[in-house]
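**Q** Hey, can you work out the whole structure from these sequences and the hints?
Those protein sequence lines, which keep their order, are chains Z and S.
Sequential numbering from 1 applies to the first sequence in the working numbering.
Sequential numbering from 1 applies to the second sequence in the working numbering.
Heads up, a few of these hints could be off.
Chain Z side only, calculated, beta carbon under 7 Å to chain S, not exhaustive [unchecked claim]: (1) 28; (2) 91; (3) 100; (4) 101; (5) 106; (6) 110.
Result set (DSSO-like, lysine-lysine): computed pairs, CA atoms no more than 30 Å apart in a straight line [to be verified]: (7) 109(Z) to 120(S); (8) 95(Z) to 146(S); (9) 112(Z) to 166(S); (10) 146(S) to 112(Z).
Think of the hints as simulated: they come from the structure by calculation, not from any bench.
Glycine included, each C-beta is placed from N, C-alpha and C at the ideal position.
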Amino acid sequence: MNGLLRILLVVCALLVFVFIIRRIKKAEIHATDTIFWFLFAACFVLLAAIPQIAYFFSDLIGFVSPANFIFLFVIAVLFVREFISTIEIAQLREKLHTLTQEIALAEHKSDKED
Amino acid sequence: MKVLIIIPAHNEEGSIVTTVNSLKRLTPSIDYVVVNDGSSDRTKELCEQNAFNIVNLPINVGLAGGFQAGMKYAYRNGYDAALQFDADGQHKPDYIQPMVDAMRETNADIVIGSRFITQKKKFSSRTIGSSIISGLIKLTTGKSIKDPTSGMRLYNAKMIELFVTKHDIAPEPDTIAYCLRKGAKVIEVPVEMQERLTGESYLSVSKSISYMLRTCISILILQWFR
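**A** What follows is the structure, given as structure tokens:
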């Protein structure tokens, strides 16, 4: 793992950090939702600071290059995140449908009573 | 038996008045409700002008959510059965009473208005899709449903409760398969259908493909885990 990749990791972590802070300032993102991204960025910094982690896992799984381990790690984490988002969207959609139906039924009922 | 006809309507300004008026003329003793699913055209205004019984969803939630609103209406107003009826004029009110009678006589949970009991399926892309779904239902439940894609279905109180409480249930063929496997009694009654009066079928090519994929995946894989 060369120095350039380590620098790149730190730069990416910084970009994530800056991006999140800007969204927080604009109140576009909730504090709870930032936990994941901060931990994600922290992982980048950790891997850049201690490349031995990447070497250890590359040897363990049998990768030629530790960079491959980092790619796999990032893809896996984002994969899980995307899956969680799908579930969250489904739950939100269900709530939205329920609210819509309840509004319509309540309105119908009050029309009838008038 | 107290029956409610549920008419989900999304942008049906061209046919809604004719459909509801013919329902009122031909089945005056049966209650109905139009569920306006956030139409952007004049569907809502036309229903109000004609003093139709309408539940008005402020935004578009799709057929499943719209139909569920109708089922909630049926559930809360104590109906014994609910009929799914298209707003576009495809379904003929003359066949409603025979379906209700069939439910009363056989104690069925679901009565499907079926186009293919007396008539053979004509060869078209639509009937191929229907045959594939029939085959999958036969394969997974052992029961034969000749017209699984018919949108004219009568559900009893037990099914109304299912629709109200479960959010992943849609008025689609995979629900028929699911209910069959859970031990529901499903029968078919012969009906005729008309070509739609106005508007465009919601089944475009891409939508047809995603409809088939969704239905097949749901019947083949998902229903075992529900």
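**Q** Tell me, which hint numbers fail for this structure?
**A** Failing hints, ascending: 1, 2, 5, 6, 7, 8 and 10.
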